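Peer 1: Sequence lines, in order, name chains A and B.
Counting in our numbering, the first sequence tops out at residue 1502, every number present.
Counting in our numbering, the second sequence tops out at residue 1502, every number present.
Please keep in mind that the hints were generated in silico from the structure rather than gathered at the bench.
Predicted model only: the values in this text are computed from it and were never measured.
Don't be surprised by glycine CBs; every beta carbon is placed ideally from N, CA and C.
Hints are not guaranteed to be accurate.
[To be verified] Computed from the model, here is a short list of chain A residues facing chain B with C-beta under 8 Å:
no., residue
1, Val1344
2, Lys1347
3, Ala1348
4, Leu1354
5, Val1357
6, Lys1360
7, Glu1362
8, Arg1373
9, Phe1472
10, Pro1483
11, Asp1488
12, Gln1492
13, Arg1498
[As the list claims (entries may be wrong)] Here are some chain A residues the structure puts well away from chain B; computed CB gaps all over 12 Å:
no., residue
14, Leu1327
15, His1331
16, Arg1333
17, His1336
18, Arg1380
19, His1403
20, Leu1439
Number of protein chains: 2
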Amino acid sequence: MAAAIDFYFDFSSPYGYFAAQKIEALAARHGREVHWHPILLGVVFKATGMAPLPLVPLKGEYAFHDFERSARFHGIEYRRPAVFPMATQAAARAMLWIAGRHGAARAVEFAQAVYRAYFVEGIDIGEPAALAHIVTALGGDGAALPEAINDAAIKERLKAEVEAAMERKVFGSPFIIVDGEPFWGFDRFDQLEAFLRDGRV
Amino acid sequence: MAAAIDFYFDFSSPYGYFAAQKIEALAARHGREVHWHPILLGVVFKATGMAPLPLVPLKGEYAFHDFERSARFHGIEYRRPAVFPMATQAAARAMLWIAGRHGAARAVEFAQAVYRAYFVEGIDIGEPAALAHIVTALGGDGAALPEAINDAAIKERLKAEVEAAMERKVFGSPFIIVDGEPFWGFDRFDQLEAFLRDGRV
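Please build the complete structure, drawing on both the sequences and the hints.
Peer 2: Quick look at the structure:
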């Protein structure tokens, strides 16, 4: 069995959302599994001195235009969120909690639902109540979520995940590592596919 | 006649170099001309608070890897320059000088030769002597270049070009504007082509 694809993303990242719509089919075409890793770009940006795209002078307006245009180009549903960027600690911790309790497949379902809530339905995914609602809709124990994501062990677990990502030199979202080869950005999925097909680019 | 494509680039930008290899054929497929505009990313970065990719922590090593991999993926000759980034005022001024003296077509020939010198032949294009050599090889008056690019009018002209680009919200390289639609990055050439073909993305 070929090694899994490590997929790093922040729940507030539009390009991460786009990648999330395509990564499983792409991986399946080449007999790979995907390991989903929620990270916190805010922490990563502190290390790199970067800022979220829309907050950079000149780039800001273009960034929003590019999100919408790229979504259309790739046939992905997208509506500009009212609040952007969004704090994603709660969503990331919730995903780790679900993964621990119900396994990776349910955690990915939750991640997809969170992305859709934020980038299609305009829901404030920074609110634990909204995340609890998503969990309940998926058949899980939503009522337990607000307390679960404030658990010290879950907080520590997310911190460790983000640190592990940065040790692997992950600096953006989406970020893919497969067979040691790093790909940053949804716009590298063409090269990622070539790599999975040919074993090299 | 459809409006021309405005192509903004910095001579030190690998993705600008990649774009330069493809932009004329892309434009020709859709009955467009290309207007080439050398800019200075150093000036633009001051306004946006950005830094050249390879100088950003974590991103640096990836950036060099991506330059080489993207070149291979797109079938473009590329050798990592020993000095990067490179001061490009001299090359940009020289291009404007040639455009004024011999017209845009000769200036584009010069631009292509400068990109090749830097990204394939490893030549220090910050040196006026190297630029003079390129002009001479193209049949121009290379001997006149070192003085010409120190002319106050040429310096002023480049400054005005960079300011005009920033007024159009150009913030990177390559940057394309066509029919008012902006595209940043060689990795948006797929969307640029769709736009030229369909009039929309």
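Peer 1: Give a verdict on every hint.
Peer 2: A quick look at each hint next to the structure:
1. Val1344: violated, 12 Å
2. Lys1347: Hint violated; lysine 1347 of chain A Cβ to chain B Cβ min 10 Å, cut 8 Å.
3. Ala1348: Interface hint status for alanine 1348 of chain A: holds (6 Å vs cutoff 8 Å).
4. Leu1354: violated, 10 Å
5. Val1357: Holds. Min distance 5 Å.
6. Lys1360: Because about 5 Å separates lysine 1360 of chain A from the closest Cβ in chain B, which is inside the 8 Å limit, the hint holds.
7. Glu1362: holds, 7 Å
8. Arg1373: holds, 6 Å
9. Phe1472: Cβ of phenylalanine 1472 of chain A sits 4 Å from chain B, so the hint holds.
10. Pro1483: Constraint on proline 1483 of chain A satisfied, holds at 6 Å.
11. Asp1488: With Cβ-Cβ at 4 Å, under 8 Å, it holds.
12. Gln1492: holds, 5 Å
13. Arg1498: Check failed: Cβ of arginine 1498 of chain A comes no nearer than 12 Å to chain B, outside 8 Å.
14. Leu1327: holds, 16 Å
15. His1331: Nearest chain B Cβ is 17 Å from histidine 1331 of chain A, so the label holds.
16. Arg1333: At roughly 19 Å from the nearest Cβ of chain B, arginine 1333 of chain A sits farther out than 12 Å, so the non-interface label holds.
17. His1336: holds, 20 Å
18. Arg1380: Arginine 1380 of chain A is indeed farther than 12 Å from all Cβ atoms of chain B, at 17 Å.
19. His1403: The assertion about histidine 1403 of chain A holds, with a minimum of 33 Å to chain B.
20. Leu1439: holds, 34 Å
In the structure shown, a violation is registered for the earlier hints numbered 1, 2, 4 and 13, in ascending order.
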